[in-house]
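These protein sequence lines map, in sequence, to chains A and B. At position 32 of the first sequence the residue is numbered 31 (numbering that gives the first Met the number 0), and the sequence of numbers has no breaks. At position 472 of the second sequence the residue is numbered 471 (numbering that gives the first Met the number 0), and the sequence of numbers has no breaks.
It should be emphasised that the hints constitute simulated quantities derived from the structure, not laboratory data. Bear in mind the structure is a predicted one, so any value in this text is a computation, not a measurement. It is possible that some hints are incorrect.
To be verified - With a straight-line Cα cutoff of 20 Å, these simulated PhoX-like cross-link-like pairs (lysine-lysine) come out:
hint : chain 1 : residue 1 : chain 2 : residue 2
1    : A       : LYS66     : B       : LYS525
2    : A       : LYS112    : A       : LYS70
3    : B       : LYS525    : B       : LYS513
4    : B       : LYS483    : B       : LYS456
5    : B       : LYS186    : B       : LYS329
6    : B       : LYS432    : B       : LYS308
7    : A       : LYS70     : B       : LYS526
8    : B       : LYS432    : B       : LYS513
9    : A       : LYS130    : A       : LYS86
10   : B       : LYS186    : A       : LYS70
11   : A       : LYS46     : B       : LYS182
12   : A       : LYS66     : B       : LYS308
13   : B       : LYS371    : B       : LYS432
14   : A       : LYS70     : B       : LYS37
15   : B       : LYS329    : B       : LYS37
16   : B       : LYS521    : A       : LYS66
17   : B       : LYS40     : B       : LYS193
18   : B       : LYS456    : B       : LYS40
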Amino acid sequence: MTDNTERRVVSVIVVNEASVLSRITDLFSGRGYNITSLTVAPIPESKYSRLTIVTSGSVRVIEQITKQLHKLIPVLRVYEHADLVEKEMALVKFPITENISDISAICNAYNGKIVNVGNDVIITMVADEPKRVDHYLQAIKKYNPKEIVRSGAVALER
Amino acid sequence: MQISGAQMVIEALIAEGVDTVFGYPGGAIMNVYDEIYKQDKFQHILTRHEQAAVHAAEGYSKASGKVGVSMITSGPGFTNAVTGLADAYMDSIPLVVISGQVPMSLIGTDAFQEIDAVGISRSCTKHNYLVTDAKDLPRILKEAFYIARTGRPGPVHVDIPKDVTAQVAEFDYDVELDLETYKPHVKGNPRQIKKAMEAIANAKRPLFYLGGGIINSNAAYEVRDLVHTTGIPAVETFMARGTLSYDDDLLIGMLGMHGSYAANMAMSETDLVIALGARFDDRVTGKLSEFAKNAAVIHVDIDPASISKLVNANYPIVGDVKNVVNEMLKLTSMVNSDNYEQWRETIENFAELHPLTFHEDTENIKPQWVVKRVGELLGDDANISTDVGQHQMWAAQFYPFTRPRQFVSSGGLGTMGFGFPAAMGVKAAVPEKTSINFTGDGSILMNCQELMTAVEKKLPVINIILNNNFLGMVRQWQTLFYDKRHSETDLSVQPDFVKLAEAFGGIGYRVTTKEEFDAALKEAVKKNIVAFIDVKVERFENVMPMVPSGGSLFNMMLLEKKESK
Ligand SMILES: Cc1ncc(C[n+]2csc(CCOP(=O)(O)OP(=O)(O)O)c2C)c(N)n1
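Only chain A is shown next, with the shape it has when bound in the complex (with noise of 0.2 Å):
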């Protein structure tokens, strides 16, 4: 098959109960589908949790990870998102010796800001979209960044 491979958002809403989410990831490694970031917390004032899964393949792949996972018996919904708002984390502590106020126009251009600082360290956060967390890793490359931690994406439909 030549189908081209695309990066897709899904949503899925499950009920709260044990072993639910073994059962979502079991899905994806036994099937041999690709799971780029996982994302899950409890919907507030109900019994679901609300899954946000990055994942890849065709369109025809994908079709069968939403219908796939839409067989499984927790689930409530399966949202494949076209027209979303997506949003990442990433935390970044940087040496204090570093160019704080560099560091700090940088973040403010991503969303973000300094939210801790220590007497050897000071800690970024930055929230947006994937790309331009990416962009953000980058452009702060030169500041010898010692510790990069990363959220899974959340979305929304528009």
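Since chain A is already given, all that's left is putting chain B with the ligand on it; use the hints.
Just chain B with the ligand now, with coordinates in the frame of chain A:
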């Protein structure tokens, strides 16, 4: 009513109308077995291996249309049962499999006979549960039966820790099920159905592609009506054998890897595939890009994930086949059966060109002859199970099936060892029919300990061993595609199958002539005890015709013309 978890299991089974449970006890499930001892509402059949308990439940379910039930203990009991779960999952067989688990306080400690059973069964069940509180048991058991038999049917596994079976709680089985996340789509979309009927009316060479989903949804008789009123020819998958009777003029035969030439050519030449409860398995389609290349596709299936998974459906219809076919039947006035006269003739010509047949042999018994002969002698009076291998294909090709649920075999997983226990389950479900298992000298050894169950519980299965001293199907591939290097498939060293049967209290026959075969079969039927009929057949016979794996359906290896000696 306050009762123990173990009693709840019994009450739930009774409430579900279960009459037969296949199982094997052990420490973690003993509380439940203690309650089984005290009741007389259903029979328990003790198999001699947990795998067989699940296969027997599958056979029981396939023959009866009811949910099959088996009961096993934790650890090795459960792991032995996994092949059965996987088999039932692949063939969409509704089962509820209940396993014992170590007490809650020991879960996660690598306790004696502890295994993460729900972790293992997750990928080979439709759904599974670990019960952590007896008060959840009535709901869970009710859900388990409901999920197993509705939608696309399948096995559901319920794992119950020992302390939960001892725990006392309120039992009320009249609970309303609240499964808001599980709502199978059973009614087909009326607009799509109408469009599909229009497509049928406009097609020149339409073809029914009948799959196992028809049998699962008890739709075979409705499908017969639809085929006959439209006059459209039909091919059956292996899993759909018996949907149409073997002598139906519109049945072209089985399609796929070992399908008939006519069936595969019809599929290659059709302009409209009408797939009912079929899932376009690779053993059926051969090379996908060449499959029914010039055809539009109507695909009716209860499982949305099956539709357009492999072949794009122009008219997708999600729904229960029985419902959808009933709706289609209301619209058959749109279709004129005369329009397909020429197409039916074309197909007849295919069938005449290369009929499904085999060469008789004067010295050896041909395995195909055995199958045909059983058909002549028992026909509709027998239910047929098989193991896996060449004998399985010959049974599917040559037995004269007259009705749905007459044929029970492991299709999706292809599990050697399935046949004998499944045939016991069939016998338990339909005692008035003779239960025949066609098996191979390889397969039968995979669950031959069930001789003991069959003797004890009076389940007189007749196992017909088509004995070629080979793992025949693998040998066939080695002959054809590995330059005759018969690596590890020679079964020249064999047990004495007659003595083996006798050792368990059954009856055994060794057969080397056709007359001996007739006599053995007749006697076995009359004696009505479990039998092995060990038939020495031609060793190097191949299943023909054949589409080599990954080849196109219209490129079949055909039976060679008989050499004149
Ligand atoms: C449990 C299991 N192991 C291995 C196989 C692979 N396999 C498929 S057919 C076959 C040979 C079966 O031999 P036999 O039962 O003698 O039947 P025959 O083909 O000779 O009729 C084997 C080994 C299988 N299907 N199932």
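Going through the hints against the structure:
1. A:LYS66 with B:LYS525: Violated - the C-alpha atoms of LYS525 of chain B and LYS66 of chain A are around 52 Å apart, more than 20 Å.
2. A:LYS112 with A:LYS70: violated (42 Å)
3. B:LYS525 with B:LYS513: holds (18 Å)
4. B:LYS483 with B:LYS456: violated (44 Å)
5. B:LYS186 with B:LYS329: Holds. LYS186 of chain B to LYS329 of chain B sits at ~15 Å (cutoff 20 Å).
6. B:LYS432 with B:LYS308: violated (38 Å)
7. A:LYS70 with B:LYS526: Since the Cα atoms of LYS70 of chain A and LYS526 of chain B sit roughly 48 Å apart, the hinted pair is violated (cutoff 20 Å).
8. B:LYS432 with B:LYS513: Status violated; Cα separation ~24 Å.
9. A:LYS130 with A:LYS86: holds (9 Å)
10. B:LYS186 with A:LYS70: Between LYS186 of chain B and LYS70 of chain A the Cα gap is close to 17 Å, so the pair holds against 20 Å.
11. A:LYS46 with B:LYS182: Holds: LYS46 of chain A and LYS182 of chain B sit about 18 Å apart, inside 20 Å.
12. A:LYS66 with B:LYS308: Holds - the C-alpha atoms of LYS308 of chain B and LYS66 of chain A are around 10 Å apart, at most 20 Å.
13. B:LYS371 with B:LYS432: holds (18 Å)
14. A:LYS70 with B:LYS37: Measuring from Cα to Cα gives roughly 39 Å; hence the hint is violated.
15. B:LYS329 with B:LYS37: Judged against 20 Å, a Cα distance of about 52 Å means the pair is violated.
16. B:LYS521 with A:LYS66: Violated, at about 51 Å.
17. B:LYS40 with B:LYS193: violated (47 Å)
18. B:LYS456 with B:LYS40: holds (17 Å)
In summary, the numbered hints that this structure violates are 1, 2, 4, 6, 7, 8, 14, 15, 16 and 17.
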